[in-house]
Each structure stands twice: as structure tokens, then as C-alpha cells.
Amino acid sequence: MTKRKNENSEAETNKSGMAITRRAALTGTLAGVGALAGAALIGGGTGPLIKSARAHTGGSADRPIKLGFQVHRTGIGAAYGRWYERTTVAAVKLINSMGGIAGRPIELVIEDDGTDPKRGAEVVEKLATKHNVEFIFGTLFSHVVIGSAPRAGELKIPYFVVSEGYHVASGMLNRYVFQPGITDVRSQITAISSWVLGNLGKNVAMIYPDYAFGYNHRDYFSAAAKAQGGKISVLLPIPPTETSYTKYFARIPSDTEVIYHVMVGPGVLTFVKEMGEHFGSKRPKIFGFLDSLEAVDMASPGLEYLEGTHFWEGMPRYAGGIDTPHERFYRQAVGVNDAGASIQNPKDVSTYSHMFGCWETLFFIKDAVEQSGYQDRSPKDVARLIETSEGFQWLNEGIAHPQGAKKFDGRLHQCFGPQFISKVENAKLRVVHRTSIEDGLYAPEANYTKQSL
Amino acid sequence: MRRHGAAKIIVLHLGVIGLLFLAQFFLPAYHQSNAIRIMVLATYAVGYNVLMGYTGLLSLGHAMFFAAGLYGAGLTIYYLDFTPLQGVGFGILSACALSFVFGLLALRARGIAFLIVTMMFAQALFLTTLYFNEITLGDQGFVLSEKLRTMTIGGAVVKFSDPVVKYNFALMVFSACLLLTLVLARSPVGRVLVAIRENEARTRMLGYDTERYKLLSLVISGTISGVSGAAYALLFAYIGSTFATIQYSIFPLLWVLLGGVGTTLGPLVGTALMFYLIDISSDYTSSYLLVVGAVLLVLVLWFPKGILGTLRERWLSWLP
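These protein sequence lines map, in sequence, to chains C and E. Under our numbering, the residue at position 175 of the first sequence is numbered 443, and the numbers go up by one with no gaps. Under our numbering, the residue at position 137 of the second sequence is numbered 278, and the numbers go up by one with no gaps.
These are calculated hints, taken from the structure and not from any lab test. Cβ coordinates follow ideal geometry from the N, Cα and C atoms, glycine included. Treat the hints loosely; a few may be bogus.
Said to hold, decoys possible - With the Cβ distance kept under 10 Å, some of the chain E side facing chain C (calculated, not the full set):
# : residue
1 : Pro-169
2 : Asn-175
3 : Leu-182
4 : Asn-274
5 : Phe-283
6 : Glu-287
7 : Pro-304
8 : Ser-382
Next comes chain C alone, as it looks inside the complex:
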């Protein structure tokens, strides 16, 4: 049985479309910093953006722009959803204080999807047809995105997800779906692979969940290792129902230099504890993805064994990882302290590696509306908004994109940004490497622009 190829797949890779230079990245970064500095001079940090917003109002300034926020308030995504909501509310507050989108204040309509794909599709319908929102955004968990996206396509409503899944860039979804605020997992893995192989070791054992998310890591990291002269000593898929991990550690060859682990779900504490019991002090280097420890205090009992190991971070949890005024402004605006927890409640740890995606997505929508001259959800305006968005190439670092500058690929509807590798020191994460955008680029497999609207 062969898998059906995506109908919109592109046989030829257009590398020229992805070509970027360090100069371009630097120019973008400087432009962002310049905008911030200019804004600070005017006062309030938003001057130039207000001008930009009002330049395209077209006489509809008093009419709010309704944005549907599909959030995981309940279900397995609730911890992420709580912080996605706080980030979104903070971004909306800032944008409204800057004059809104094209002079129109944002009116946020929030619906919980229970982190369930069936309810997710219902929420898309409700937001689009009952609340008549202009766009829907914010969905995180892959299965909810994939379950909801077909309805967004049928209803012809722009759908901006903040999921990091490869499902958008793979071409699986439709032309109405964008992921402009967070880099997809394939790009994340591609970006960090050379550092892991070059600095921790080339003989790698991979431990990952035995389902789709884990397979992304298996396939893309294995490919990177092969291309860079590395070797995968063993692949250890862990069934989702597994509760004990010692038997898997026993299968790791003794000459393994690096354990690459991607554990998600409540078993992570047991996983770390048993890893410590098995390897003790004579352990290989350890590299993991922070997804499983989002919203978890690194000083939690049971995580001591992670001291000295390395993690991928989407955006550094601890202050100083990105030392820019934009990052500090963003951190303050979303109510997060220097340790990555809520300012009000230091025990409430944020999902800092992911939640910036909501913030950046809202600013992407703002730019798309203002540059396209979008007025309402008429087919003509929606088409113009989508085509304008597909024409974006650079998202400059600044207040709107505090995680870093991004390359946007209109064919894939996907952005590519920097990634961070951090080391656990004194139960804190300290950034030791920041990847470039080029590190995370890969040959595109889709082209949404060929789909009709």
C-alpha cells in the first residue's frame, strides 16, 4: 500500500524561493530594533505602528474586527491553553492600545474546544457562522488542528494555527490555514540537529512516543544524522500506555554518546527517575525537547537527574536568553517573571516555548489585514488577504516578533524562526546556542498557492 501523495505537492524544490542571507536577516533585525527605538522616542513604544494601522482604515474605524480564539481551556491541552489565552489577551490589549487593526479595535470571541477534534470542528463552525468572526486563530494540539481545518476550508475562513505541527507545511490541510507565528517541528529538529551531532556526539539513541509526534523526530533527526555523518544506535519507540521505562534503557548500546528523548505526558517524571536509576553518573550526554516540561518547574522533585543535560527551547524560559528590549517588553506584557513563571503566582510556570506564537500570529494578522486592505469576510477580501499573506517573506524582529526574525514561506503557509538549545544548570535553563533561520530550512513538499480559493 502506498500513501496517497498530497494533491498540492510540489515535485520540484524551488530553492531560490527559500534563499536568504545573513545580511537580509540582519537588516530585518535592525529594522525591527529601529522601529522599537522610534516608537520609544515617540512614547509608548507604538507610534510608527499606529500610523501604519490608520493608513489603511478606509472609513471603518469604529467597527470592531472580531477574532475567534479557539482555545484549549479543558482537556489535555489546558495548561498550554491557559497561557495561550493570557498571551492572546495581552497582545490584543497592546494592539488595541496602538489603534487596533486598520483602525478597528479587536473584539476577541473565545471558545473552548476541550482539546478534542470533534468539538474543535464544532467551535470553528460556531465562531464562523454564529459569532461571524473575521478569522479564527490559536489552535495548538495537532489532532484538533487537523480535525478543525477542513471545516475552516469549507467555510472559507482564514484559520491561523499556533501548533508547531508539520501538518500545515506538509500540505495536508488547505489554503485557508496558516501557521505564521511558530516554527514547525520538522524545522525545529532540522535546526538543532547539527549542534547536537557536533557538540554532544554522533552516536545517538532515540527515545520517542510511538505515534505521529514521535515519528516526526525519528524521521527528521535520523535523516539529519545520516546526512551529517552521525549514527542512530537504536530507535526506541515508547507505546503511549507504557508506565515503566527501564527495559528500554537496557537496550541502549554501551557506546552510545547521546540519548535524544522526546517524552510527553504524565510519564515524564517516572522516565527521568528511571533513567537516573539505570545510568547513574556514567551516563551518555542527554538532549531533549522541552515540550514535556512546559508549565513544569525545572526544580520539581524528580527532575534533579536532568542537571547538566540539554534541551530545545522555542523561546528561552529564563530572562536573558534573548537579551533584547522586545523580549523584555513581551515578557512584562504577558505577565511572566525572569524565571518563566507568572508574576502574580511564581508557582504557575508558563509555556514560554510555545505561547509567543499567539502574540506573533496576532501581529501577522494585523499586518495582513492592513496591507491587503481587507474590510470584511467577502470572498474578494478574504482572497486578497490570503494572497497578501502568501506574499510575505520576512517578519522582522521587534515588538511584534520578540522571539526573533522569521522567514515566511507563502507556498507552505509556514514561518521559520530561530531555535534555542539550553543547558540545565542549577535547575534553570541557560541558553548555550541559538540556531539561525537557515539551519531550520528544508525542501518544501507543498504549494498551497496552487489551490483555488
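Following the hints, position chain E against chain C.
Same frame as chain C, now just chain E:
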């Protein structure tokens, strides 16, 4: 008298189907799309009701039949270029075959043991969808594009993503399954199933092979659940292992309990009420599941037979 009762029943059921047909012309877009979903999911509840309501066998594993229909349709359309209707047909056959094999094995157990066996088998099917991740894409799932949900019937291009087609296809599916259960409930076979529910030992003593009747009931119930799953795949375009989890086995139980156990129209009433209960309460509070729980508690305490079950008991004894 009996003929008069039969006329009322037929008028009621045809009237409900007629109202559902007419609803598409005056319902706003939002409620129209809700109605499509409710009809598809009510079909699932109709299937569940055959086993639980009429035969008295409680299952916590019906998600496996729903998933069999869902994957049977979805995988064949996605990988094997089946037309949408061929895919739906294969999905229904998958659920039918699964329920037959499952019935042969599981009906050896009784009472609580049967309940546990249903749950275990459903869990096994759920894990199977994860195990064959390369094909099913497991928990992440896959979508059927608009192109895959389009076919030509008699020279006309039919798009199952079109709201009018979706509505009327969902209505056809629901109506067919509703009328099938009505015929079943009023047939001699249906009477035997009810007799098994009330007293299996006595029914066996009367000379009926109750095991065969229970197997028949399970196959009908599983197949109708598979019809719903196949229709869901076609109309909502998403196939994922979430639909094989125990949560999706509990849903039809709740819908049937709410609407009325052992009533033909109870599954529709229960599914619609539960849908709007969640939908409306979520507008006012993020703790909407608490509201749903409170309503279910009230129901169990004061209306243990569900809405139509209570109506039948107190005022409308002719309701099937």
C-alpha cells in the same frame, strides 16, 4: 385500536423526518451545520440504543464500531481511490464484520463481564489505530480533501463538502436507521429482544435461542454505529484515533440515557439536547462540563428513563 396506534407512530416518525427536511430551508447557517452533526451522531445513538435500549446489553465499547465505519470509509477513500459512496459502503461492511466477530467472542460473557469485554476490545482497537500509525497517522489523524469527497452520480457532480448535500445525506442516513429500528422494534424479532431485556432465562425457556438474537442485535447495533462513523468521515473529513477512545463509547450512552432508553426517537432528542446544552452553557461559563454533569444528575434522580421514556411512562404509552 392497534391499527390506530400504528398510524400515530408512523405519522410521528415521518413527521419528525419531514420536519428535519424542512428545517434546512429556514434554519440559520449555524444551526443548519449543527443539525447535520446531530443527525450523524444521533444515528450512532440509534445504533447504541438497539443493544442497550431494546436488548438490555450495556456496552462501553461502541466506539470500536463507530471507528470501524470511520476508518473503513476514510482509509479506502484516502488510499485506494474508492468513491465516497464506495468508501461509506466499505465502512459499513467493516463495522458489520467487526460486530459479528466481536459478538461471537464477547457474548460468551454476561452482565458486568460483558461490559468489561466491550471496553477491552474497544481499547484494543484504539491501540491498533496507534500501532498502525504509518497508515492511520494515529492520534494525529488525516483529512479527506474536497476532491476526495466529490463524485459523479448520474452525470451530476456531487460534492460532500457542499452544505446542501451534507444536510440531505445526513438526513437520509439518519432516517434510514431510524425507520429500521422502528420496524425492528415493532417486529417479532424486536419483541424477542425486549423479552431478553426483561428476562432472558424466561425467554430461553420459551424456546428462543437467545444467543442468536443477542448476536443479531449486536450486529445491527454495531453496523448502525458504523454507518454513523462512515458518514462522519465523509461529511466532516477527519479521521483520527480520538474517535476510538472510551470517551466516544460513553457519548452514545449519555445521549440515549438523556433522550430515553428503548425509545426510537430518544437518541435524536438526547443527542440534540446534549449538543445544545454544551453549546449554550459554554457561552456563559468555561465550566460547562459541570453544567452537563449537574443536568445528568438531575436526570438520573428525577427522570431515570430519560425524556421520552418518562413521557411514555406517564402520558404517551403508545411511543415505541
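Given hint Glu-287(E) near chain C, where the shortest CB pair must fall under 10 Å
Given a least distance of 7 Å, the restraint on Glu-287(E) holds.
Quick check on the hint: Ser-382(E) CB to chain C CB, less than 10 Å?
holds (8 Å)
Was the hint right that Pro-169(E) lines chain C, CB cutoff 10 Å?
holds (7 Å)
Would the hint on Asn-175(E) stand, with a C-beta cut-off of 10 Å toward chain C?
holds (7 Å)
Would the stated hint for Leu-182(E) survive a check requiring a Cβ distance to chain C of less than 10 Å?
Interface hint status for Leu-182(E): holds (9 Å vs cutoff 10 Å).
Given Asn-274(E) as an interface hint, is its Cβ closer than 10 Å to any Cβ of chain C?
holds (5 Å)
Hinted contact Pro-304(E) with chain C - closest CB pair below 10 Å:
holds (8 Å)
Can the hint on Phe-283(E) be confirmed by a CB-to-CB distance to chain C that is less than 10 Å?
Where the cut-off is 10 Å and the nearest Cβ of chain C is about 7 Å from Phe-283(E), the hint holds.
Comparing the model with each earlier hint shows no violations; every hint is respected.
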